[in-house]
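Trainee: As a plain string of letters, each chain reads:
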Amino acid sequence: MDQFLQLVLAGLATGSIYALAAIGFTLVWQTSQTINFAQGEFVMLPAILVLAAVKFLHLPLPAAVLLATGAFLLLFGFGFKRFLVDPMLRHGVLPLAIATMALSILMKEGAKDGFSAEAQQFPSLVPDGAVTLLGATLSLRDIAIFGVAVVAIVALQLFVTRTRTGRMMQATAQNPSVATILGIPTERMILLTFLINAGLAVLASFLISPVYLAKFSNGEVIGTAAFIAAIVGGFNQVRGALVGGFVVGLVDNLAAAYVSSAYRAAVPLVLLVLVILFKPEGLLGRKEERTV
Amino acid sequence: MTSPLSRLDLNLVTLILGAAILWFVPVGMKSYGIYVISFWLVMSIAAMGLNLTLGYAGLKSLAQAAFLGIGAYATALITAKGGVLGPVWSWPLAFVVSGALTFAAGVVLGFPALRVKFHYLAFVTLAFATVMFLIFRNEQWLTGGVYGFPNIPRPTLFGVKLNNDLAFFRFLLMVTLVLSLAMWWLLRSPWGRAFMALRENPLRAASLGVNLRTYTLLAFAIGAGYGGFAGALYAPMVEFIDPAPFAISASFVLLLTVVVGGQGYFLGPFLGAAFSYVLPEVLRVTGGYYLLVYAALVLALLLVSPQGLIGIVEQIRELRRQKTAQAMRDASKVMLEAGR
Chain A
0 MDQFLQLVLA
10 GLATGSIYAL
20 AAIGFTLVWQ
30 TSQTINFAQG
40 EFVMLPAILV
50 LAAVKFLHLP
60 LPAAVLLATG
70 AFLLLFGFGF
80 KRFLVDPMLR
90 HGVLPLAIAT
100 MALSILMKEG
110 AKDGFSAEAQ
120 QFPSLVPDGA
130 VTLLGATLSL
140 RDIAIFGVAV
150 VAIVALQLFV
160 TRTRTGRMMQ
170 ATAQNPSVAT
180 ILGIPTERMI
190 LLTFLINAGL
200 AVLASFLISP
210 VYLAKFSNGE
220 VIGTAAFIAA
230 IVGGFNQVRG
240 ALVGGFVVGL
250 VDNLAAAYVS
260 SAYRAAVPLV
270 LLVLVILFKP
280 EGLLGRKEER
290 TV
Chain B
0 MTSPLSRLDL
10 NLVTLILGAA
20 ILWFVPVGMK
30 SYGIYVISFW
40 LVMSIAAMGL
50 NLTLGYAGLK
60 SLAQAAFLGI
70 GAYATALITA
80 KGGVLGPVWS
90 WPLAFVVSGA
100 LTFAAGVVLG
110 FPALRVKFHY
120 LAFVTLAFAT
130 VMFLIFRNEQ
140 WLTGGVYGFP
150 NIPRPTLFGV
160 KLNNDLAFFR
170 FLLMVTLVLS
180 LAMWWLLRSP
190 WGRAFMALRE
200 NPLRAASLGV
210 NLRTYTLLAF
220 AIGAGYGGFA
230 GALYAPMVEF
240 IDPAPFAISA
250 SFVLLLTVVV
260 GGQGYFLGPF
270 LGAAFSYVLP
280 EVLRVTGGYY
290 LLVYAALVLA
300 LLLVSPQGLI
310 GIVEQIRELR
320 RQKTAQAMRD
330 ASKVMLEAGR
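Sequences listed follow chains A and B, in order.
Residue 291 is where the first sequence ends in numbering that gives the first Met the number 0, and the numbering goes up by one at each step.
Residue 339 is where the second sequence ends in numbering that gives the first Met the number 0, and the numbering goes up by one at each step.
Accuracy of the hints is not assured; some may be wrong.
Label-pair restraints from in silico Cβ distances [what the hints assert, rightly or not]:
id: 1; chain 1: A; residue 1: LEU276; chain 2: B; residue 2: GLU199; range: 47 to 55 Å
id: 2; chain 1: A; residue 1: THR162; chain 2: B; residue 2: LEU211; range: 41 to 49 Å
id: 3; chain 1: B; residue 1: LEU207; chain 2: A; residue 2: GLY91; range: 21 to 29 Å
id: 4; chain 1: B; residue 1: VAL83; chain 2: A; residue 2: SER259; range: 54 to 62 Å
id: 5; chain 1: B; residue 1: LEU211; chain 2: A; residue 2: LEU132; range: 52 to 60 Å
id: 6; chain 1: B; residue 1: LEU207; chain 2: A; residue 2: ILE180; range: 33 to 41 Å
id: 7; chain 1: A; residue 1: GLY91; chain 2: B; residue 2: GLN321; range: 19 to 27 Å
id: 8; chain 1: B; residue 1: GLU199; chain 2: A; residue 2: PHE277; range: 30 to 38 Å
id: 9; chain 1: A; residue 1: THR131; chain 2: B; residue 2: LEU302; range: 50 to 58 Å
id: 10; chain 1: A; residue 1: GLN119; chain 2: B; residue 2: LEU202; range: 48 to 56 Å
id: 11; chain 1: B; residue 1: LEU207; chain 2: A; residue 2: GLN173; range: 55 to 63 Å
id: 12; chain 1: B; residue 1: VAL83; chain 2: A; residue 2: LEU132; range: 21 to 29 Å
Source of the hints: derived by calculation from the structure; they are not laboratory data.
Predicted model only: the values in this text are computed from it and were never measured.
Just so it is clear, CB atoms sit at the ideal spot from N, CA and C, and this is done for glycine as well.
Please take these sequences and the hints and turn them into a complete structure.
Mentor: Put into structure tokens, the structure is as follows:
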């Protein structure tokens with residue numbers, strides 16, 4: 000029982016990272032039909048940038064964090080949209096998806112060749128330690144990851160549903176042409192979703208890297224998990240991506256302990272296929288009407 | 000103006016001429032050079048299958064490398080240790096079994112996925128590719144796991160064992176030619192036209208009496224079968240296989256190969272495979288940076304021409320056509336003004 004509780008918390012902690020990545024993935028998909036295969040690398044890179052700023056520019060840590068965040072938002076929020084998505088989107092979804100695949104190789108190899116092929120320590124904001132609850136030893140870091148991610152997601156949800164800008168963003172996602180007619184600056188709203196996506200990636204990166212260490216290949220696992228989480232949750236809903244992230248994190252951790260560690264990577268995918276077969280619109284997704 | 004028919008015939012000419020030239024290209028090459036072009040041919044076959052699935056039928060499959068793996072491991076199991084049918088007939092059996100297994104896997108995967116929604120095939124194949132990779136890696140008693148499967152023999156043809164690299168390359172070239180001709184024929188047949196009709200406008204195709212589900216399923220299964228054939232050639236080519244080349248990332252690279260070559264163009268897969276599998280070998284001179292350079296090149300290419308390498312050729316053609324048209328317009332304008 001106490002082992003179970005530990006696994007659940009660890010699952011929720013990794014799940015919240017997946018949820019952050021999956022929400023960004025979903026937002027970008029909603030506003031501009033971009034399937035970002037580099038989403039995992041988006042989560043990998045900010046931590047590497049911070050370490051690179053410390054190592055090469057000899058900046059103190061807070062300055063490095065600020066610089067890395069700013070550079071990442073500029074390059075992979077604004078730059079990603081302006082220089083990759085905008086020119087390619089009119090040629091269809093597939094060439095763009097393939098281009099993000101190439102981008103993911105570029106980011107991965109760039110991090111490897113430009114910084115380091117070894118896993119690096121990343122400073123944690125939360126002290127190492129554990130609390131005991133109902134006989135289970137719960138790591139403080141896991142609790143902190145879960146807590147910070149949940150606060151961020153709730154804030155995002157409030158922003159999207161309660162503020163004027165958030166609602167304009169939603170309108171842009173649902174029907175860009177009508178939104179334009181209503182006077183919503185859709186271009187700016189789309190840019191905003193890309194910036195939010197980059198911001199979520201930065202946050203996820205800073206949360207996960209103290210645990211898993213910063214390494215160029217970290218994106219592979221996170222990217223696939225985020226992709227699955229987005230589909231399981233319904234692809235067209237922030238709420239869905241959130242639930243999807245937690246489900247995938249939990250299933251992954253529990254499967255490793257109770258099913259088979261050799262096949263743990265397959266379990267979330269099998270879950271995905273079952274969801275597709277029995278509830279094609281996703282766990283929380285709405286059925287999309289077909290237009291002819 | 001070129002009609003689709005004459006373009007296909009141009010494809011046929013290129014195919015046969017290309018094969019004739021390639022027959023003599025590796026003479027005098029070192030075994031590394033022969034290996035690189037052999038590898039290119041094998042991956043072209045796998046990409047050709049995926050091109051049918053993706054470029055002609057419009058289905059996204061993320062499992063082509065897994066099909067390659069199924070073919071490779073089936074071939075290894077059937078032909079190793081003397082072979083189940085002796086040294087002569089084991090490889091032909093393995094070739095047929097590889098194609099049949101992967102075709103069947105395609106049907107089993109495609110049937111439920113396509114029942115729901117076409118783009119769900121991508122997710123189902125993603126799951127399948129992951130499971131297959133884990134099986135290749137974990138079931139050591141069958142596949143050798145991470146230690147690999149050694150001593151896969153080369154096939155024997157007319158009593159001659161193709162141990163010589165050049166002889167094996169020529170054999171590979173002939174098989175590639177036969178498979179390409181079969182694909183060329185398939186695409187020109189009413190079946191191939193039905194595949195294209197599906198991609199262009201599924202609803203209209205259905206209203207014209209094309210059975211959507213059967214044809215999409217067939218396109219996917221045949222594409223998977225080509226993956227299996229490629230695997231049956233890959234295993235004896237390298238003589239040692241391990242799970243790495245059949246990982247999910249390898250399936251992504253194959254998808255990238257098809258798009259980079261030009262999806263929906265008959266010769267696209269050959270160009271794409273040259274880009275994805277020969278170019279990195281050439282780029283090895285840049286040291287550790289070859290993947291970086293390769294990824295940058297892919298990005299640049301797709302930004303310039305989202306239709307891939309063949310798309311560039313088409314763009315140049317289109318430009319020239321417009322120029323001729325403009326010249327004719329200018330000429331007629333002069334004539335009209337002179338006449339007035």
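Trainee: Decide, hint by hint, whether the structure agrees.
Mentor: A quick look at each hint next to the structure:
| no. | hint | in the structure |
| --- | --- | --- |
| 1 | A:LEU276 / B:GLU199: 47 to 55 Å | violated, 28 Å |
| 2 | A:THR162 / B:LEU211: 41 to 49 Å | holds, 45 Å |
| 3 | B:LEU207 / A:GLY91: 21 to 29 Å | holds, 24 Å |
| 4 | B:VAL83 / A:SER259: 54 to 62 Å | violated, 31 Å |
| 5 | B:LEU211 / A:LEU132: 52 to 60 Å | holds, 55 Å |
| 6 | B:LEU207 / A:ILE180: 33 to 41 Å | holds, 37 Å |
| 7 | A:GLY91 / B:GLN321: 19 to 27 Å | holds, 23 Å |
| 8 | B:GLU199 / A:PHE277: 30 to 38 Å | holds, 31 Å |
| 9 | A:THR131 / B:LEU302: 50 to 58 Å | holds, 55 Å |
| 10 | A:GLN119 / B:LEU202: 48 to 56 Å | holds, 53 Å |
| 11 | B:LEU207 / A:GLN173: 55 to 63 Å | violated, 34 Å |
| 12 | B:VAL83 / A:LEU132: 21 to 29 Å | violated, 59 Å |
Comparing the model with each earlier hint shows violations of hints 1, 4, 11 and 12; every other hint is respected.
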